[in-house]
Every structure is written in structure tokens, then in C-alpha cells.
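Enquirer: In case you want the letters, here they are:
2 protein chains.
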Amino acid sequence: MRSRKGPKTLTAEIISVGNELLIGHTLDTNSHWLAKQLNQHGWILERVTQLRDSLQSISSGVREAIGRKPLVLITLGGLGPTHDDMTLAGVARSLHKPLSLNDEALRLVEEHYRSLETRPRLTRYRTKMATLPKGAKALPNPVGTAPGVFLDESRTSIFCLPGVPSEMKAIFQTSIIPFLKSFNASRPAEVQFKIAGIIESALAPILDEARRAYPGLYFKSHPRGKETGPRPLILLHIYSTRPESAGDVSKAVEYIIQRVSSKITG
Amino acid sequence: MRSRKGPKTLTAEIISVGNELLIGHTLDTNSHWLAKQLNQHGWILERVTQLRDSLQSISSGVREAIGRKPLVLITLGGLGPTHDDMTLAGVARSLHKPLSLNDEALRLVEEHYRSLETRPRLTRYRTKMATLPKGAKALPNPVGTAPGVFLDESRTSIFCLPGVPSEMKAIFQTSIIPFLKSFNASRPAEVQFKIAGIIESALAPILDEARRAYPGLYFKSHPRGKETGPRPLILLHIYSTRPESAGDVSKAVEYIIQRVSSKITG
Numbered sequence: 651m652r653s654r655k656g657p658k659t660l661t662a663e664i665i666s667v668g669n670e671l672l673i674g675h676t677l678d679t680n681s682h683w684l685a686k687q688l689n690q691h692g693w694i695l696e697r698v699t700q701l702r703d704s705l706q707s708i709s710s711g712v713r714e715a716i717g718r719k720p721l722v723l724i725t726l727g728g729l730g731p732t733h734d735d736m737t738l739a740g741v742a743r744s745l746h747k748p749l750s751l752n753d754e755a756l757r758l759v760e761e762h763y764r765s766l767e768t769r770p771r772l773t774r775y776r777t778k779m780a781t782l783p784k785g786a787k788a789l790p791n792p793v794g795t796a797p798g799v800f801l802d803e804s805r806t807s808i809f810c811l812p813g814v815p816s817e818m819k820a821i822f823q824t825s826i827i828p829f830l831k832s833f834n835a836s837r838p839a840e841v842q843f844k845i846a847g848i849i850e851s852a853l854a855p856i857l858d859e860a861r862r863a864y865p866g867l868y869f870k871s872h873p874r875g876k877e878t879g880p881r882p883l884i885l886l887h888i889y890s891t892r893p894e895s896a897g898d899v900s901k902a903v904e905y906i907i908q909r910v911s912s913k914i915t916g
Numbered sequence: 651m652r653s654r655k656g657p658k659t660l661t662a663e664i665i666s667v668g669n670e671l672l673i674g675h676t677l678d679t680n681s682h683w684l685a686k687q688l689n690q691h692g693w694i695l696e697r698v699t700q701l702r703d704s705l706q707s708i709s710s711g712v713r714e715a716i717g718r719k720p721l722v723l724i725t726l727g728g729l730g731p732t733h734d735d736m737t738l739a740g741v742a743r744s745l746h747k748p749l750s751l752n753d754e755a756l757r758l759v760e761e762h763y764r765s766l767e768t769r770p771r772l773t774r775y776r777t778k779m780a781t782l783p784k785g786a787k788a789l790p791n792p793v794g795t796a797p798g799v800f801l802d803e804s805r806t807s808i809f810c811l812p813g814v815p816s817e818m819k820a821i822f823q824t825s826i827i828p829f830l831k832s833f834n835a836s837r838p839a840e841v842q843f844k845i846a847g848i849i850e851s852a853l854a855p856i857l858d859e860a861r862r863a864y865p866g867l868y869f870k871s872h873p874r875g876k877e878t879g880p881r882p883l884i885l886l887h888i889y890s891t892r893p894e895s896a897g898d899v900s901k902a903v904e905y906i907i908q909r910v911s912s913k914i915t916g
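Chains as they are written, first to last, in my numbering: chain E, 651 to 916; chain P, 651 to 916.
All the pointers check out, no bait thrown in.
Which residues of chain P face chain E? A few of them, derived with a C-beta cut under 8 Å, are: (1) 670; (2) 696; (3) 701.
Cβ-Cβ distance ranges computed for the label pairs, FRET-style: (4) P:816 x E:774: 48 to 54 Å; (5) P:659 x E:718: 25 to 31 Å; (6) E:837 x P:842: 36 to 42 Å; (7) P:907 x E:713: 38 to 44 Å; (8) P:834 x E:858: 44 to 50 Å; (9) E:828 x P:705: 33 to 39 Å.
Keep in mind the hints are simulated off the structure, nothing from the lab.
For clarity, every value in this text was computed on a predicted model and none was experimentally measured.
Ideal placement from N, C-alpha and C gives every residue a C-beta, glycine not left out.
Bound conformation, chain E alone (with noise of 0.2 Å):
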């Protein structure tokens, strides 16, 4: 795995592989759990999508994905035994790479196995698991069987993840933490809080006028609850994603809430 240091824009997508999500079966935790922790690390998700379990649909995803070239592109779901898990044959289509099997993904998945039956057998449905896009490497799976997946494309690294959210968790943090640490962003600066007594519309005048003082500085509001109501609420969301604007987060509160107390005053 590479690392990169200096102010590059270190940019993310997500692809969430399963039928479950685009019936409405399941909500996509996993997604958003994930877009946490990038932009913690100070990394800029810049896409998620949601797909089907389908070869076709899998293949073309991930092959637009990585036209957009973004350094990371994370996979979660479709690595299991069974005949829906297609995540890893999608992958191996996209980067026109044969699938094959793995050494040390077989190892990890006899393994995981053997802790659980005295001789246990590997069926084409458990070496399924070890099957992986040709030159990928296998990252361990420290609470379940299927094995992560690593590939290091030209401009991005693709790493793909169980859906299992536990499986997931635990080889996000084993394996990628340490990576997406590795290139050393800065944690955004962030606060965020409410304005009673103001509507979306008349405090859009006064956003703007904080935009044009602090161009740095990310500003975004929320309407919470009825704006018809007696007292319109905001939930205002006010961040820096580059360090050198980050002091400037406490001085846009000051600004806006004195534009704003006049405004609702006045």
C-alpha cells in the first residue's frame, strides 16, 4: 500500500453491494458508519452507491468508480458462499483480472474453519471465499470467515468488505485505519447548533455574507420541524475541511449569531 504525504485531496467513494438495500429491507448503516470515519481522518467522501446483486451492475460500478479516480474506493457486501455473493467477480471483471485462488485467503478461511469443526471441508462454496481477483491480497477477517479483499490499482486502492457490519467494523479498523492514517490529514474543525425564531429563507441572505467572509469555511443549513410553526428551528452546520481555515470556524459563530440576534431583535 502507498502513502502519500502534503495537501492532496484525499478522495473516497463507497459502493454497497445488496438487493436487501434497494428493496428497503435493510438501511445502509454500514455506509454511513463508514463516511464517519473517513471524514474523521479528514478524507472527502465523495460518492456512495447502492447496487443490486448483479454481475453486470457490480462490474459497471465499480468500473466508473475508478474513472473518477478516487484514492480509496471501499466495497461493502457480496463476499460470502453463497451464489448472490458477486462483489469480488465484479471487481475481477472491471479490472479485466482473472479470478483465482488465494493462498493466503485459503489459509485465513481453513483456518476460521477449523475453529469451528475438528476436519472440516473445503467445499467450493468455502474456497468461493478465497477466490480472489488476480494480485489481490487478502486481509484478515478477525470476527468471521470471509476474508477482506486489497487491490492496488494504478491510482486507487480498492479495498472490499463484508456486509456483515461486526466483519466489516473489525477489518476496517485492522486494515484501513492504519492506511487512510498513513497519508496524515487533519480532522476537520466542525460545530454545529440550532437558531430558533428564523426562517431557511431569511437566513440564506446571511449565510452568503458568512461565505463571502470566510471562504474557507463550509456552511449548511437544516430545517428542523414545521416552518409554519410559531417558532421556525435551524440546525446550522458550519466546518473546515483544510487546516489552515479551521481557526476560522469559531469567529463565523460569533458573526453569524450577531447577523442573526439583530435580525431577530431588530
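Given the coordinates of chain E, work out where chain P should sit on it, guided by the hints.
Expert: Relative to the frame of chain E, chain P by itself:
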């Protein structure tokens, strides 16, 4: 809005816009809710894409989605009065259409502010919510300010909804459900149940047999809890998306239970 009948596959995509999703501040429950609704009305949701508040990102995302020719594309978020609400600008750019003030949308926005203020001023922040891609139709927002937007592209019907969940749901129920229903798709037949005492790699060959016996059905296993525990647990979900195989669902349940039982006891 067109309406088609017959056995055509009813495909949909969702594009959910907002930095708050990609920094892990907000869980995208909107897409999840919509996914369930689409499924219950017999529609196939092919892809969900979460994008940042960036004109470039939204316009490419929309252009790519339209290129895949879903019958319906629903965008979520970015319709409000502030600077970072840029979904309509992104949609307009992707369709090579100019943005222009829409009379019906302006009437809806004005009407809304008249319920809040005696003499509402139509500031540029407010008229922004009535500035739509040329040729669009405004959809009334029964519980908020920003109207929904409908655009009838050659193959794809595009609906743009606000990101505030109550507003998104209200416009969906009022303006989109009747459209989805006009295609007369049948609700999918489905069942899910838990199987204890068998691990996923042992269930996999049984599911393969079931797939061959009932090719019209979809089988998906989700491991629950730890495989290494004393009682492995799998949630099995069986469903049909075609009316002609709906009757097979209960037969397939019988089929699997029989085979699993003999494996556990045998």
C-alpha cells in the same frame, strides 16, 4: 405523465444529494423509505447514488443515471433557498436546459409565504425555489415551501423532491404514487424466516438446488450473529418479482425447510 401497461420491467433510480450524508452526519433514511415504497408498488430500484452539494457532481450523476434509462429517476434534497441547494441547477445542466422562473411554482411559493407573513416579500432566495429547469412542472408541497419538480424526459420521468423527510413523503404520496400505480405492477410476493443451527456455507448448496427448482424466485441469506457461536443463525429472504411465480414462494419455503431439517438432524 405517461402511463404504460404490460410486463415491462419498471426500473427506478434514486439520487440523494447532501454533504451531510457523505460526512456521516445524516443517515439516508429518505432513500430507504423510498426503496420500500418502490418495492411495494412492484418497481425495481436499480441504484441509489449519494452525491455532495456540488454542481459538477450532481450534473454528472444525473446525466449518468439518465444514460442507464430507468423509467423513473427521483432526486432527493437540494431544493431549498440557500446557496448550496443546487439540485435543480445540476439537473438543468445535465439536460442542457436553462433555468427559468416557473409561474406555477412561484404561485405555490408565494401562497406558502402568505400563510406565514401578512405582506411576504419575494426575495431572490425565495424565487430561487420557483426557478426550475425549462419545461418542468411544479408539484405542490403540502407541508413546506419548496415545490417538488417533475420533468418528462424522453425515456425517463424525473421527480425532484426536497430532503426534509416530511416534505419528501408528502409530495411522494400526493404526486408520485398515482404515477407509479398507473403502471399496474403487481406487489412482489415474499417471505422471510430465520434458520438456526446451520452455517451459511452449509446452506449455500441447498439454496443452489432451490434456485434450480424455482428459477423465478430470488433467495438471499443474511448471517445474523456470530458464525462461531453455539447457535449459528441465518435470516433467509425469499421473494418473487413476477406475478407468475408468486405461488412458488410458499412451496420453496417447504422445500428448504425439509432439506435443512434433514441436514441438522441427520
